[in-house]
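Student: Residues per chain, in single letters:
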Amino acid sequence: MNPQIVFTGLGVVCGAGLKVDGIWDAIRHGQSSIKEITSWDVSRWPLKMAAEVTGVDNRTLVEDRKLHKMISRTDLFGLYAANCAVQQSGLLGHRESLDPAAAVQFSDRSGIYAGSGAANYGCNYDFYPALAAADGDLNKFGGQFSESVNPMWLLRNLPNNVLCHVGIRYNFKGANACVTNHCAGGILALAEAAATLRANEADRAIAVGHDTPCEPESVLHFMRLGLMAAETVRPFDQRRDGTIFGEGAASVVLEKAADAQARGAAIFGEFLGSGCVTEATGVLRLRPDGDGLSRAIELALADAGITPAQVGLVVAHANGTPASDASEANALRHVFGEAMPPVTGFKWAYGHLIAASGIVDVVFALLALRDKIVPGIPTLQTLDPALAPLTVSSAPQTPRSDIALVLCRGFGGLNVAVLVRAHP
Amino acid sequence: MNQRKRIAITGVGMVTPAGNDAPTTWANLQAGRSGLGTIRHFDASGFPVRIGAEIKNFDAAAVINNPKLLKHATRPHRFALAAAEEALTDAGIRPTANDGHRWGFCVGAGMMAMDFSELQAAQKVSAPDGEFHADKLLSDDFPADPVAFSRNQTNSGLALLTRHFGIRGYATAVHTACASGGQALGTALKVLRRGQADYVLAGGFDSMLNPTGLSAFCLLGALSTDNDAPEQASRPFDATRNGFVLGEGAGFLVLENWEAARARGAKIYAEFAGDGNSLSCYRITDSPPNGDGPIQAMRQALADAGMTPDLLDYVNAHGTSTMMNDRSECAALRAVLGDHVGHVAVSSTKSCMGHLISAAGAVEAAVCALAIRDGIAPVNANYHTPDPDCNVNIVRGQSKRMRIRAALSNSLGFGGSNSCLIFRNPEEVQ
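Residue numbers (the numbering used here), protein chains in the order written: chain A, 1 to 424; chain D, 1001 to 1430.
Don't read these hints as lab results, they were simulated from the structure.
As the structure is a computational prediction, the values presented were derived from the model and not from experiment.
In silico lysine-lysine, BS3-like type, Cα no more than 25 Å apart, as pairs:
#1 A/Lys48 / D/Lys1136
#2 A/Lys372 / A/Lys19
#3 A/Lys256 / D/Lys1005
#4 A/Lys19 / A/Lys35
#5 D/Lys1124 / A/Lys140
#6 A/Lys35 / D/Lys1136
Using the sequences provided together with the hints, build the complete structure.
Tutor: As structure tokens, then:
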């Protein structure tokens, strides 16, 4: 029998805000944070939209100014979200109440799982002055790079920076990983953290996903591949034309229910199970029949020990690209048949956070369960007839139970499904 | 607690600076023959560090006869394809259309896949004066090649290998710097124990041996600058050590349930018996001098394997040959092994093949499997001057023939992730 795993802290930063409740209000009121890009001049760009985090001082994200020089923007988001989740959990105060030996044990049994975007084009630009000066002469480059490249370059760009700095900040020294699996990173970090607690390899864990995909060179490539929308994300709509990048991070604190209850912690929901598979289709392709997603959902249901009929709502990946949404609809029909629970998706509100996309959706799935509401998709005007029947709506729906299914898909044919339940 | 599933290693594959396959690598490690030298595959003559541990005379097409596939593969992806192919062939089992969904894939992958020539081409158009101009990306001259884009994603290697081998189950890529390969194997062990897969192809691949990767490590001052004596530059635990030697390569293992492996008559190198995983929470690039962090990971690994330290005969150390890392690792070994420390043979095979970064943990796990099979603790090459702070039983001079009941492999990464794995001799499995 698996021990019950619960969520005792939540944190999010994204284009829609820095507070979980505020972002949730915006989602419920149909407010999108997708706007014209400000981080570079897009006046000549055919695509101009993203859900950027704007008007936020770095010190609001991470107070320690010394750290700003050692990490990159994506890490600031990750550290901020993790801090929100940890502060909300009250774990640090609890540790302080323990005797010294128990506190050491507490720290050694506290894990961290990060899902990191792990790469962007921008980090390479630090080498451009040296490359331009060398003008193709590698010998010259080798002699001169140290004059223009920041000596901290490698450390600033380590994919596992959030893992490391969250660890240092809270002295959480237990089981850990940094998952660099494109969009699946954040949600797999959460699933691995939960599995680690179930296997009793740790007693509590922070899971955090973070990413900053919105940079010109990525937008260019996604655009050329036909993956980007002109204006907004319109999941499952017949006019859908792609996705829109968002940036930010989401974090959860997971604990064994017995521990959380014993220390009187507030509980925001329960982790029930997960499934992860690849379709083995390479980086960009996916199967039109939704095979991988169906299998991931079925594995998650089996892991949770529940039936499709018990699922009360679905937060779909719903990235707005023609191919992904179509295959996702196929998978949902395959699993649920005629009895499909209400389906929604949130990328119209805060864009596609890539490595953070799945874990941020888990946070708002928990709030949907708490408030017993399935927010509508305001950008959905006409359901693509090829995807019908599909229980999506531009208006709010009501969950049919206290269980939510969250879906996340990524490059490499990755499909991850996570099931969570409201806490009574 | 439930009886844990026992997991077997049934296949190994390696592409390393010491050899382009597992038998060659293993023979050279046993002989203490160095795979280190002056960097040849790009002109490093102007760099402060001009030595590395390169893969030499590697012909991917000879192993993977699929030009279209190779077009989608970067240099480290090619190492990965070859090492994985060798591991599957060695195991005598591979995914089929019927059971591909029961195969998992866990890999430690590098942080940067973009080829240097691509970077140069992008810079010429988008930053001719050194400063990046976003609008120049919109120029027809900008090389926005979709194939290059799909080669350079964080999980491109995972995508390439799962597709090529038809692996349709759990698939993940992890990056905890130098601990990545070890963490990928640890994840694979858990995936198998949880029943999320019946077989896992697990390993790591990396190559930061390119102008930007080399620059990045030079800037940190982490590399040995012994440009005139590359074969002696990596000397873990020696008092005169002065940094690591950057390597490249790949290692993969086939892991499966013990009983299933026995039932199909597979040869079993070792039981993959335990995984320990901790964070040092100290500094990004340094390990704590007292070994805190690695200590917890090693203890967890022993506990996970249900073992006491006296059953351990060999440690394949992380042993990077940097002053701090080696000292910290030895402090941790002494703390964990206690009175038994003098009886455990310790060596760092990085002395012969350099530091393979994200691939290191996987390659060194494969080395442990072969060490157990053949009863040989490979030599810690270039060890001449003992360091009182590294007072452990180092395999010096030549490799040591000895029965190995169990071996420990350490991977201690930048960022403080520590991954410690334990492998048990199949004869010790009751």
